[in-house]
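In the order they appear, the protein sequences are chains A and B.
Here the first sequence stands for residues -9 to 377, numbered as in our numbering.
Here the second sequence stands for residues -9 to 377, numbered as in our numbering.
A few of these clues could be false.
Chain copies aren't distinguished; within one or between two, either way the pair holds.
[Stated by the list, open to error] Calculated pairs, EDC-like style, for lysine to aspartate or glutamate (alpha carbon to alpha carbon, straight line, at most 16 Å):
1. Lys364 <-> Asp256
2. Lys267 <-> Glu127
3. Lys289 <-> Glu127
4. Lys103 <-> Asp168
5. Lys34 <-> Glu49
None of these hints come from the bench; they were simulated from the model.
This is what each chain is made of:
Number of protein chains: 2
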Amino acid sequence: MTIKKSQSRREFLYRSSLAGGSLLLAGSPNLFAQSKSGNRIKSKGYAAVDTSGKLVPWEFERRPVGDDDVLIDIKYASICHSDIHQMKGHWGAQQYPQVPGHEIVGVVAAVGKNVTRFKVGDRAGVGCMVDSCLECESCKSNEEQYCPDTLFTYGYPDKRSPTGITQGGYSTNIVVRDHFVVHIPDNISFQQAAPLLCAGITTYSPILRADLKKGEKVGVAGIGGLGHMAIKLAVSKGADVYAFTTSPDKVEDILAFGAKEAIVVDDTKKLAPYRGKLDYMISTIPFEHDVSAYSAMVKPYGYFTYVGMPEKFEITVNNLGLAASRVNFNASLIGGMEETQEVVNYCADNNVLPKIQMIRAEQVNEAWKNVEAKKARYRYVIDSATI
Amino acid sequence: MTIKKSQSRREFLYRSSLAGGSLLLAGSPNLFAQSKSGNRIKSKGYAAVDTSGKLVPWEFERRPVGDDDVLIDIKYASICHSDIHQMKGHWGAQQYPQVPGHEIVGVVAAVGKNVTRFKVGDRAGVGCMVDSCLECESCKSNEEQYCPDTLFTYGYPDKRSPTGITQGGYSTNIVVRDHFVVHIPDNISFQQAAPLLCAGITTYSPILRADLKKGEKVGVAGIGGLGHMAIKLAVSKGADVYAFTTSPDKVEDILAFGAKEAIVVDDTKKLAPYRGKLDYMISTIPFEHDVSAYSAMVKPYGYFTYVGMPEKFEITVNNLGLAASRVNFNASLIGGMEETQEVVNYCADNNVLPKIQMIRAEQVNEAWKNVEAKKARYRYVIDSATI
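One chain only, chain A, in its complex shape (with noise of 0.2 Å):
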């Protein structure tokens, strides 16, 4: 990995969580003196202002087409809980206004004169990411969420964006750079597409790295929006599913999902008879919890990933409960953008579909109190005309 000098806001970042800090202020007044009024693309969405959780109508503009970029027409982008961690500050101070989303579905509008991949009327997506350098050595290997200059899809500093920062997908429309549009096969509705592109990629990366046999015992934690797609997504390479759910009510879906099991963990008492049984596992608990007890599951020298982004990014692990299950503890972000193409294409041909409930614009705020609750089945998709 190259170290790069440059005081880039990414970098910054990982300094930040490397020294321990969580540091995730937004943007700077400097940063608004280079932008350019010119062929401004005038957007609406809906935005954050404070930390409250809650999103408000709101017009803005976003930056010219630029000769790699696509702007894409948003037809529906769903809901993540990341959205609503990041516009709360939880993993740092913020930028507002906000506007949050980056399961981003839509039909290209407009090309810059170098994009070759895409022409106006494509179907198209947009997950986490809208920059990189794609020139370091992560960009290189396809692993562009680890570059060090990544731009992530909301609330990164942008000194393009008229706002300063990156502005998500609860809005009309979106401007990108190519490299960071994939195509949205025919094969699967714009809808069910959405949440592939953080939900999905998101586990799928690792299920892929894991590589799977026929019969393999996989646990999965936290049966949401990525993990059921995790359940759906590890069926379909054959192994044996093991869902552990606090909500009861969700037993019945996570069967339908194709997992073997549904354990209700009310204690984790419950995790006990599964101890050093599995021989993979993914976690997607979005908040602290007790990792060890869940990372003992997996047989000793086998894998456990992480996928889940609790507040400050901070997780306690027993170390002793560690040694003692032998377990490779790994966490997971997102997937590159070959993957990401990847995990879409996947999916729609093998009808791994996520499942979804359409709302209203106006509706986001239930909603994510909803997902706050637990009560999400299994994601919520905004559509976008009703902005």
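With the hints as your guide, set chain B onto chain A.
Using the frame of chain A, we list chain B on its own:
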């Protein structure tokens, strides 16, 4: 891994640790009722009597030598930071008086009738374990340390012990089941063999598992008793070792141990130039620290092993840092008996020897203070003749 139904002490510890607790209350009144008084072995030692971290001379009795037991006249015992942690109650409440010490060497003084591996006069060593079930999957795979019934060398309930708990090696003798005694070869001194029984095996086991290739870059964090052995062992395997210490005055020693670089970490920023550069890393730091900052030095998809045991066994990990580094994080607990014999033989044959400081028994309290003040260079060895 077999899930055992028995309410063993070990199982209890695991369950506590899995449940996030760390209660280590050793012994219970009914355990004493079953001990017998015939042929007990008189012993003298230095014991903790409370959480003060101060040891006092103490006379006590050990169990009679059973059919599968070996009685060892202790010649030397060395001081491990774990001794201090446990006596001070950092890992949970303790029963006192309790004699610490799990790096023990001496001469066999008696053997039970079933013992064939040892005879009176043999040079012998005892580490962190003195018994286990020998029947479970862990025991059968030479990982007795993960047996649900492992009896650790001090402070663990043992109904055969007149004091109700196991008593460690800061003493004149010890009675141990034969399987848990290793041979000390003639080509290593007793004094230098002692630290191998914990510091040696704890670092050797994960280093072996890391399967280092010649010239690979290995990081070692925390250069105390364990860390200095980790450097020497990795160097002996042909690795280029990068040693991270908070003590500037250890630099000269570290280079003498064969490390390629000694990095003084007075600020975690000092770690930045090494980010993503190391093939493997082992941390021996025995207290809560910014683990993610260290693990980020490992190359993407590499392995980081934590062998330190901080207070409450808890470490806080920055999940974003872990994701960004794509490291496989694991912990390791000593090693099995076969490996323990192996490390002793390996170090003797390859002249991989700890740097030790001899002390008399009455200096033990001063030595403990030095260990806590990072002043040990690098392992204190108690001459048992002075007890």
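Here is what the structure says about each hint:
For a Cα distance limit of 16 Å, the shortest separation of Lys364 from Asp256 inside one copy, 14 Å, qualifies, whereas the shortest one across copies, 44 Å, does not. When the C-alpha separation of Lys267 and Glu127 is checked against a cutoff of 16 Å, the pair qualifies only between copies, where the shortest distance is 13 Å, while the shortest distance within a copy is 37 Å. When the C-alpha separation of Lys289 and Glu127 is checked against a cutoff of 16 Å, the pair qualifies only between copies, where the shortest distance is 12 Å, while the shortest distance within a copy is 33 Å. In this assembly of identical chains, Lys103 and Asp168 lie within 16 Å of each other by CA distance solely inside one copy; the values are 11 Å within and 79 Å between copies.
For a Cα distance limit of 16 Å, the shortest separation of Lys34 from Glu49 inside one copy, 4 Å, qualifies, whereas the shortest one across copies, 81 Å, does not.
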